[in-house]
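Start from chain A and add chain B with the ligands according to the hints.
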Amino acid sequence: MMRHTIAVLVKDHPGVLARVAGLFTRRGFNIESLAVGHTEENNISRMTIVVEGDERALEQITKQLNKLIDVIRVRDIFPSNSVERELALIKVNTNSLANRSEIIQMVDIFRAKIIDVNSQMMTIETTGTEDKVNALIELLKPFGLKEVVRTGKIALFRGSKSVSTFKKQEE
Amino acid sequence: MSYMKLTGAQIVVECLKKEGVKVIFGIPGGAIMPLYDILYSETSIKHILTKHEQGAAHAADGYARATGNVGVCIATSGPGATNLVTGLANAYLDSIPLVVFTGQVSTNLIGTDAFQEVDINGITLPITKNNYVVREVRDLARIIQEAFYIARTGRPGPVLIDLPKDIQLAQTEFKYPEKVSLNGYKPTFSGHIQQIKIAAQEINKAKKPVIYAGGGVISSNASSELRDLAFQANIPVTTTLMGLGTFPETHSLSLGMLGMHGTAYANYAISAADLIIALGVRFDDRVTGKLSKFGSQAKIIHIDIDPAEIGKNVLVDIPIVGDLKKVLKKINEMIEKKENTEWLEIIKDWKRKYPLKYENNQELKPQYIIEEVYKISEGKAVIVTDVGQHQMWAAQYYQYTIPRTFISSGGLGTMGYGFPAAIGAKLGCPEKRVICISGDGSFQMNQQEIATAVNNNLAITVIIMNNGYLGMVRQWQELFFNKRYSSTTLTGNPDFVKLIEAYGGTGIRVNKKQELSPALEKALSLNKFVLIDCIIPGEENVFPMVSPGSPLDQMIGVD
Ligand SMILES: Cc1ncc(C[n+]2csc(CCOP(=O)(O)OP(=O)(O)O)c2C)c(N)n1
Ligand SMILES: [Mg+2]
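Residue numbers (this note's numbering), protein chains in the order written: chain A, 38 to 208; chain B, 72 to 630.
Zero decoy hints are in this set.
Derived BS3-like pairs (lysine-lysine); straight-line CA-CA distance at most 27 Å:
1. A:LYS100 to B:LYS396
2. B:LYS364 to A:LYS100
3. B:LYS246 to A:LYS48
4. B:LYS401 to A:LYS100
5. A:LYS198 to B:LYS257
6. A:LYS100 to B:LYS370
7. B:LYS250 to A:LYS48
8. B:LYS396 to B:LYS451
9. B:LYS361 to A:LYS100
10. B:LYS76 to B:LYS93
11. B:LYS397 to A:LYS100
12. B:LYS383 to A:LYS100
13. B:LYS583 to B:LYS599
14. A:LYS100 to B:LYS257
15. B:LYS246 to B:LYS257
16. B:LYS257 to A:LYS48
17. B:LYS396 to B:LYS408
18. B:LYS268 to A:LYS100
Where chain A lies over chain B, by a calculated footprint (3+ residues, C-beta under 8 Å):
19. 187-200
20. 244-255
For the record, the hints were derived by calculation from the structure and aren't laboratory data. Backbone N, C-alpha and C fix where the C-beta goes; we use that ideal spot for every residue, glycine too.
Bound conformation, chain A alone:
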């Protein structure tokens, strides 16, 4: 089983998310993360979907996605030729002064940011690859995590290659 990051360009109108998500559930895929937002083009949104599955299953899901009328492009984004980022907000306990300085040190090392603080807790913002986000969360665990929220991965091809320049299928 391989993890795949799929970029899907869709028409930006009601029901699109249900259509795309429904395809994955119907074919037994578990979506690990899903990030949606507007793109450089009007009325076109981009979904970045991370799923686990074998090659053949993934090929099938890609073809099925392509069949949806609202789907304009589908691309598998390989880690080797892409840049990817995820953003996380982490609320962590800071009940002793010692804890507090240790946490601040880690935030520095990870080039993260403290964006909210009071006497009981701190909220940390971090961006990076999934691995980096995971690593920071692991390190903060012993202090007591109160809440974690992650955006899910987004990704772009490196260099001038872009998803929108691909055709939907051989035409």
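Just chain B with the ligands now, kept in the frame of chain A:
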């Protein structure tokens, strides 16, 4: 330039006219009344009032299959819309072009659980090729045009348009777009030329080729190209249930149907083939038997318009995405004349040793009924079936030679499909003889449509193969569940002759073999709606049979 202002309801009707729609099926209700009001005075479109929306959907589907045009039906919101669901799923699985309109509560009420509000778009997401909720009346004409285009092009399928009541009443300038522009939908038509060359080479090289043809040949109108290919290179042809009629079964190259209830020689041939030419098919489990053994001796060429079908169930050697008619035309130009004598001898031998057979005794056998129907209709009728044993006998014992003359629910296997579909087929092809082969179980799932048939003077002949059982399930119970006939005995059957008479139609009962052909003669000569209730032996089975999960060359009932 200024355009006329029309209401949404008027726009729907104008668009239907632009699309050349002549007949539509449906039932009115609160949320679709504005549209029905326009239909009231519209003379160029005939509206057929069915007695259940499922009947309307299947009738539109039968109409589409018989004519090749897009079928259209209408229902109101809520229960009207949900009653269409089986019909949509049926059309979706068999790739039948439909455009379906449902009424919806007004836009300001959507999402409030208003009276008769259901999210029919959400419900039908997985069983439509595309669906729409119209939110602005100015989008309506474009949406309808897109819907027809999407329904009939590429791999055809049903498209649903949900029409809120206020949209039907709102006014806008009517303008039918010049052409459809959809950047997310571009079917591939021509096929990759390099792949086509390789396919032709393989066909020229093959020693034991078999063509495996399906419903795609019908949707693409590629039957004559298929025949050219087969005749030119002497390639035997087997078809799926959906492909019956694409190749003349009276021809010596025909192997009939393959699969679970296919002929022994079709199943042997495909199992022994060195090249399988798969045309407009999807390697369904009812066709392939045990998947790992299917075509294990063979290279496979797979031509289909839907890229998602390629490699879905079976890994193929030479995939070609494209419209069959176009692709086959090109392949045919590269095909050498060949005799294939040795291979055809082997097949001839199988045909001689393992023909389709049944015990033709003094009883009124279902297989005999089909043979008689074939004779009396000279093989030219449109045969529409329901689902069960009778469906398989109708597939096996009638020899189809013309595309669109066998109409049956393949992918979904919907009991209750046949009779309303026959109504649709007759309305689409009034000049043709339409015969519905149904079962005592299936017929009762949509028998309310007797009223529709009688009321519209539709000269359809319905033959009920009355075995007193949900026969196909009983057969499985006999073979795989120790004859424990759990809930398959139809003890409460009505007197079908009286039932039809109650609606003002004609019914004939046939108990004995010798009564059959006079009854058929009479039914066909009356030129009106007639139901023939044939009392057949209860425990007759459909053979050959490949048990689910077995390889195709292991069949029950072949010796
Ligand atoms: C709507 C629906 N419900 C249940 C089934 C399962 N099923 C398949 S065949 C069959 C029996 C059909 O009985 P009948 O119409 O009398 O035909 P026969 O097999 O007896 O010829 C049943 C219940 C089905 N295919 N469709
Ligand atoms: Mg029966």
